[in-house]
Every structure is written in structure tokens, then in C-alpha cells.
Amino acid sequence: MDFGYPWWLRAEHFLNLIFISFLIRSGIEILGTYPKLYRSQHNVAGTAWGQFTIQRAPKHKYYTVGGEYDDYSPRISLPGRGLLGLGRYWHFITVTGFVTSWVIYLVLLIVTDQWRRYVPTSLDTFTQAGNDILAYLAFTVPQAVYGMPFNAIQQLSYGFVILVLTPLVIITGIFQSPAIANYFSRITRAVGGRQVIRTIHFACLVAYVAFFVVHVLMVVLHGYAHETAKMVFGNSERPVAGAIVFSISLVFVVVLHVLATRWTLANGRAVEKLHNVVVRPWTNLLYRLPARMHYDRSNVTGEDVGLDNTTHNFRGSGRPPENKEYLALLANGFEDDYVLEIGGYVERPMSLTIHDLRELASGHAQTTLHHCVQGFTSIGQWSGIPVADLLDLVRPLPGATDVVYTSFQDMGRDDALYEGGTYYESNPMIEARMPQTLIAFELNDEGEIPVKNGAPARLRVETSTGFRSLKWLERIEVVNRYDIILEGRGGYFEDADFYDRNQLI
Amino acid sequence: MRAGVDMRGTKNATERVTEHLAPGRKRAPLLRYIRINLPRTTRLLLLLVIAIIAMASAAVALGDHEPFPYANELMWGVFGGSVVFVAVGLLTQARIWTWGLGIALASLLVYVGGLAGDAPYVWNGASVVLAATWNLTLIASVGYLVLYWALQYGMIVAAPDDQNFMD
Chain A
119 MDFGYPWWLR AEHFLNLIFI SFLIRSGIEI LGTYPKLYRS QHNVAGTAWG QFTIQRAPKH
179 KYYTVGGEYD DYSPRISLPG RGLLGLGRYW HFITVTGFVT SWVIYLVLLI VTDQWRRYVP
239 TSLDTFTQAG NDILAYLAFT VPQAVYGMPF NAIQQLSYGF VILVLTPLVI ITGIFQSPAI
299 ANYFSRITRA VGGRQVIRTI HFACLVAYVA FFVVHVLMVV LHGYAHETAK MVFGNSERPV
359 AGAIVFSISL VFVVVLHVLA TRWTLANGRA VEKLHNVVVR PWTNLLYRLP ARMHYDRSNV
419 TGEDVGLDNT THNFRGSGRP PENKEYLALL ANGFEDDYVL EIGGYVERPM SLTIHDLREL
479 ASGHAQTTLH HCVQGFTSIG QWSGIPVADL LDLVRPLPGA TDVVYTSFQD MGRDDALYEG
539 GTYYESNPMI EARMPQTLIA FELNDEGEIP VKNGAPARLR VETSTGFRSL KWLERIEVVN
599 RYDIILEGRG GYFEDADFYD RNQLI
Chain B
10 MRAGVDMRGT KNATERVTEH LAPGRKRAPL LRYIRINLPR TTRLLLLLVI AIIAMASAAV
70 ALGDHEPFPY ANELMWGVFG GSVVFVAVGL LTQARIWTWG LGIALASLLV YVGGLAGDAP
130 YVWNGASVVL AATWNLTLIA SVGYLVLYWA LQYGMIVAAP DDQNFMD
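Taken in order, these protein sequences are the chains called A and B.
Using my numbering, you'd call the opening residue of the first sequence number 119 and step up by one each time.
Using my numbering, you'd call the opening residue of the second sequence number 10 and step up by one each time.
Hints in this document: simulated from the structure, not taken from any laboratory.
Since the structure is predicted, the reported quantities are computational estimates derived from the model, not experimental observations.
Idealized CB from N, CA, C, for every residue including glycine.
Worth double-checking, as some hints may not be accurate.
[Said to hold, decoys possible] If you anchor each label on the Cβ, the simulated ranges turn out as follows:
#1 B:Trp132 x A:Ile194: 36 to 44 Å
#2 B:Asp170 x A:Ile548: 46 to 54 Å
#3 B:Thr27 x A:Ile305: 37 to 45 Å
#4 A:Ile366 x B:Gln102: 49 to 57 Å
#5 B:Tyr79 x A:Ile366: 35 to 43 Å
#6 B:Gly126 x A:Ala163: 54 to 62 Å
[Unchecked claim] No more than 20 Å apart at the CA atoms, straight line, and that leaves these computed lysine to any residue pairs for SDA-like:
#7 B:Lys35 x A:Leu535
#8 A:Lys570 x B:Lys35
#9 B:Lys35 x A:Pro192
#10 A:Lys570 x A:Leu458
#11 A:Lys391 x A:Glu605
#12 B:Lys35 x A:Lys391
#13 B:Lys35 x A:Tyr276
#14 A:Lys391 x A:Leu604
#15 B:Lys35 x A:Asp189
#16 A:Lys391 x A:Trp381
#17 B:Lys35 x A:Ile172
#18 B:Lys35 x A:Val457
#19 A:Lys570 x A:Asp532
#20 A:Lys442 x A:Lys391
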């Protein structure tokens, strides 16, 4: 068959130029907020295999993950300046287009028989690819295989990128989603855990960049005008015109990046709206995947560093409350003084002490993997009571839609990294009623939760990123609308920063 | 003291401390942000690159296309030095990377000498395999120089050294 360069292949090539460059820049933004890569999902201090920061390790006795970000230049990352939420928005907006176009491309390759241009149909292709490598090393240009649009090593390289690297980057990206990773918990564990998956995802980024460098070098080597004309007109009959049009399209891509960066830095909420239109329709489907993790006590973070008191190794994020009320409760050990109020739009408001919670929980515990939005992970065994059970006790009134949790923490007061007021979070009812959405009051069978991890009680939302698992829980309210609370976005970070309340990825 | 670092009373007990920032600048040069801590892999990689130089040099010296007078002797010299280098690198924990630099530079000098002489390129009558092997000495030598620079710059470390990450 005459393979040629059909229009849809050329369109895909151009779209990929946009998608992959946006994915790389926004991916670097995401990496920069936890610029460390590990081989173990416990993130044991000192075991990172790579760091991408110029910041020295803080020497506080206790430091939070919030201070570990590095703000890369907007010339490198999208949008730069350590704006994780907006980097995530761009990553997900772009990935929606990238995956859609890749699937369409795959279908078109199959139905038009064009898949043969990438998939070797004979072992000779590998022998020929070896010869082609030798030819390139000898500083000569190997010829295309008869009847094929390119030579054997090009065929294998393009085939690898399109049919191996791309699915790999998509799958490892999918498994960064807490909803998916915790639903398919056994697969997450089988491949080594979230940090290994994160490392592979990063390796895919390196592979794309390496491919891009070699690809551009080869285009120049084979003749810039000759090669780019194929990507513009489908043939190399008008090389000069092709080179001009292609060069203009490259300038267009650069302009697109500049505009996107400036727009994002100037009006993050507009990017959020775009994200909500493009991304939420498919991410909301993930509410159908309740977390179902099957870790056990032996998986708990801490044992591999040989410390007896393992709870000290469950990473903390956020600074504990420093108000008098909380400190007084802390001084008295919470047991007698702490009362969790559950009220709002319910039939039977309640006040429960730790003792009451323990009795109601009757030994219920779950061992789960924590997905920090920045990137760290820890595994802990949480004793507590499912929010669904509490809701059954207080009986939400008809029309109740959300559950709002309020913390003792005040971000402006307690954490120098942030501004603003009370930390709060909310769950839509479907999320609140998931089996592993929990009010926890004990960690790792070692008594009350340590202060850094949210004593005396905290929320665990195992289908979402860590900041939504509110710590230092003060009260719970069932409501029939959340959008009239403070800024109306459903949580502290949703209001004050650029994070999605429906954050399942 | 922890891992050789005094933890008491230092500036970053209370504030963010960054490295490699020029006065008045907010960000360091891009490559300063990259620090890879795979010491054993890096050590093996450095040895592998020198081994490639050794094998390629020997293969060219065994070929029938001497780039310039006494080039074969020089390439056998590179081969011999490389064999000793790889053996020392595998059998000891010595930091021998500057020796490797000498080998890579020597190999590079032979290549440059070939440019002035009759290098075994295809257009000079050499076979594709011989030309590829000859160019491999260039690519591997430049590769070693890049790795050596990255080592000096702190982007990578080779065993027995370590980045001493603490977080």
C-alpha cells in the first residue's frame, strides 16, 4: 500500500506538538511542588533518587511538605511560580485533548491499515534497524525501506513512541489519580506503589524530551524543508512552502504558550472555569470508583526505617492549630474535653466525645495509602468510624447534598506559608458515603493520632488528594448547598488557591 | 552532627535557604536544579563509556584503515589505559574520574588527528562498520566529557560519593 501522509496523520502531528509541549511544561510545574523522586512509596527521608530543587533541606525538627516546593520560571513550567493547582488544571485540560486525539489516531491507524507504518511485520525490520543505526553512526543517511515512508530505525522509534511510550505515560498518569490508584489498589501495589509509578511517569517525560531532540536532529539531517513539507502537504514536492508553513506553525505554538502562561498568571479563575468545562465531565465519572484498599499493618510507613514508633514516619502536611482552645484540649489529652459536633441539615444533631466515637466505631480500622496533592505518599492504619455510619445516626434531611467539615486550624494564624482563615472542606454526599471515607481518631494502633497528623480526629477521603482529608476536626455540618459558604468553592484550598473540590485525579 | 552536617543554630532552622543563587536573583541556572543520586549506576555508566572507548579504539586499530601514522599505537594505548581504568573502577572504590578524563581526551585527540589525516570515513573508503566504530570513539569520548562535567557540577554522583539528601 502507499502509506503517504494522510491529512489526519499530519493534523495529529501538529496537535501533538501543542499537547506534548503543554503536558511537559505543566508536568514540570507539578513536579516542582514536590521536586523529589523515590523508589519507595514511604518517601523515607534521604532516599530520593533525584531532586529537582535548589532548596536545602529544612532543619526544623518538624517541617511540612508545603514548604518543599520550588518555583520554576514561567519560561520552563506552566504557569511557573510554584502554582501547583493551575499547573494541574493545564495538565488535565491538555491530557483530555491528548488522549482523545491519540485514541482517534489509533482507530484511524487500524481502520486504514496505516498501523503497518509503525508495526514491524517481519523480523528483518530489526536487522535493518541495526544497519540503519550503523549508517547513522557512520555519519551517512540510511534509505527508507522499499514501500515505506521511512527507514527501519525510524519505523521502530515512531512505533515505540506511539504504541508503547504513549500508553505507558497515559497509564502511569492515570495511576496518579487517588480514585483510580485506590480502587485498583492491588495493581498499584503490584507495580511498586505510587512513587514507582511517579518515577516511571517522569521517565516517560525524559523519553519524550530525548525523542524530541533526536527527532529534530534527524529532521535537520534529512533536510528540514524536505521533511517538514511532508508534514504540511503530505509530500515533499513544495519544500520551501512546506518549510515556511511549518515554521509559522512552530511560531504559533510558541505564541500559544506565551499567551497561556500570561493568561494563567493574570486570571487563574478563568483557567479553572475552562478546566471545569473540559475535565470535570470525565473526572466526575470517577465517583463510581470507591476506594477499596487492601494494605495491612506490615505495609504501614515506618517499618522500613527501623523505628519502633511508626506513626512518626507518616508525613505531616500543614501546621497544627495554635489557638488556646486547641492547646487546652491537647494539654488534657482530648479524651474528656473534646466534643465533635455533628449538626446542620439533619434530624438528630449530635455531640460525640472520643469515647463515644470509639464505642460507635467498635474496632473499625482501614489501612490506606495517602495521596498528597504535591506528591508524597504514606501508608497508615486508621481507626475510626465511616462518615456514612455517622450520617445514618444523624439522619440528613431530604435535600441534604453535602457534608462540611471544619478544622481548629486557621491557615493565616497557624501556617506562615498561607493566608486566610479557617480550614474547611466539604464532600458531596456520594463521596461522604463511600465506604473508606472515615472520621479517624487513632493511627497505627498506637493511641491517638499524633498532633502533626490531625489529633484528636480527622477526615480520611481516600478517593481524593490529601489536602481534602481535613485534620484537627472541630465539627461536621450537613448542608443542602455548599456554594454559599465563604468563597463558595467548597474548601479552604479551593477558595484560596486553585484546587478542584471534585479532585479525584 | 548528622551525616557530617551541623544542625544547630543555622539559618534554615527558621527560613528557606537556597543554593546557587547569584545576588539579587530569584532563580539559579537551570541545571543547578537537577541532582541525581544513583551513585552505583553512575559509576557503572562511567566505566561503561570508557569500556566503549576501549573496544571502539581496539576495533579501529585492528582495522585496515589507519587514520594517520602511529594512530594504531595510540589507540592501543587508549585501549590499555581504558582496560586498567575499568578494572580499577570495578575492583576498587577509587575516585578515578579524572584519569577517565585523560583517556577520553586522548581518544578525542586521536579522532581530531584523524580529521587532519585519513580518517576511516565512508567517503574515505572505509566500510560502514569501521566508520561507525571510528565515530563511536568520538561520541563516547564526548559522552564521558559531559558526564565528567555533570559530576563536577553536582548533577550526578558516582560511588562511593553520595548526594547526601536529607529529605
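For each hint, the structure was consulted:
1. For Trp132 (chain B) paired with Ile194 (chain A), a C-beta distance near 41 Å keeps the hint of 36 to 44 Å intact.
2. Taking 46 to 54 Å as the suggested C-beta distance range, the pair Asp170 (chain B) and Ile548 (chain A) conforms, at roughly 52 Å.
3. Judged by the Cβ atoms, the range 37 to 45 Å given for Thr27 (chain B) and Ile305 (chain A) holds: they are separated by roughly 39 Å.
4. One distance hint, 49 to 57 Å for the beta-carbon pair Ile366 (chain A) and Gln102 (chain B), holds here, with the actual separation near 56 Å.
5. In this structure the hint that Tyr79 (chain B) and Ile366 (chain A) lie 35 to 43 Å apart at CB is violated, the actual value being about 54 Å.
6. One distance hint, 54 to 62 Å for the beta-carbon pair Gly126 (chain B) and Ala163 (chain A), holds here, with the actual separation near 56 Å.
7. Proximity of Lys35 (chain B) to Leu535 (chain A) is assessed by CA-CA distance (about 18 Å); at most 20 Å being required, the pair is judged to hold.
8. Distance restraint check for Lys570 (chain A) and Lys35 (chain B): the Cα-Cα separation of roughly 31 Å exceeds the 20 Å cut-off, and the hinted pair is therefore not satisfied.
9. For the suggested pair Lys35 (chain B) and Pro192 (chain A), the alpha carbons sit about 12 Å apart, so the restraint of at most 20 Å is met.
10. For the suggested pair Lys570 (chain A) and Leu458 (chain A), the alpha carbons sit about 19 Å apart, so the restraint of at most 20 Å is met.
11. Our distance criterion of 20 Å between C-alpha atoms is met by Lys391 (chain A) and Glu605 (chain A), whose separation comes to about 15 Å.
12. Taking the CA atoms of Lys35 (chain B) and Lys391 (chain A), the gap is about 31 Å. The hint is violated against a cut of 20 Å.
13. Among the hinted pairs, Lys35 (chain B) with Tyr276 (chain A) is inconsistent with the structure: their alpha-carbon atoms are about 40 Å apart, more than 20 Å.
14. Between the alpha carbons of Lys391 (chain A) and Leu604 (chain A) the distance comes to roughly 19 Å, so the proposed pair stays at or under 20 Å and holds.
15. The suggested pairing of Lys35 (chain B) with Asp189 (chain A) holds, with an alpha-carbon distance near 9 Å, which does not exceed 20 Å.
16. Taking the CA atoms of Lys391 (chain A) and Trp381 (chain A), the gap is about 13 Å. The hint holds against a cut of 20 Å.
17. Distance restraint check for Lys35 (chain B) and Ile172 (chain A): the Cα-Cα separation of roughly 11 Å lies within the 20 Å cut-off, and the hinted pair is therefore satisfied.
18. The hinted pair formed by Lys35 (chain B) and Val457 (chain A) fails the criterion: a straight-line CA distance of about 47 Å is larger than 20 Å.
19. Between Lys570 (chain A) and Asp532 (chain A), the direct Cα distance comes to roughly 12 Å. Compliance with the 20 Å bound is thereby established for this hinted pair.
20. Straight-line distance between C-alpha atoms of Lys442 (chain A) and Lys391 (chain A) comes to about 39 Å, which puts the hinted pair past the 20 Å bound.
Figure legend: structure checked against the earlier numbered hints; hints not met, in rising order: 5, 8, 12, 13, 18 and 20.
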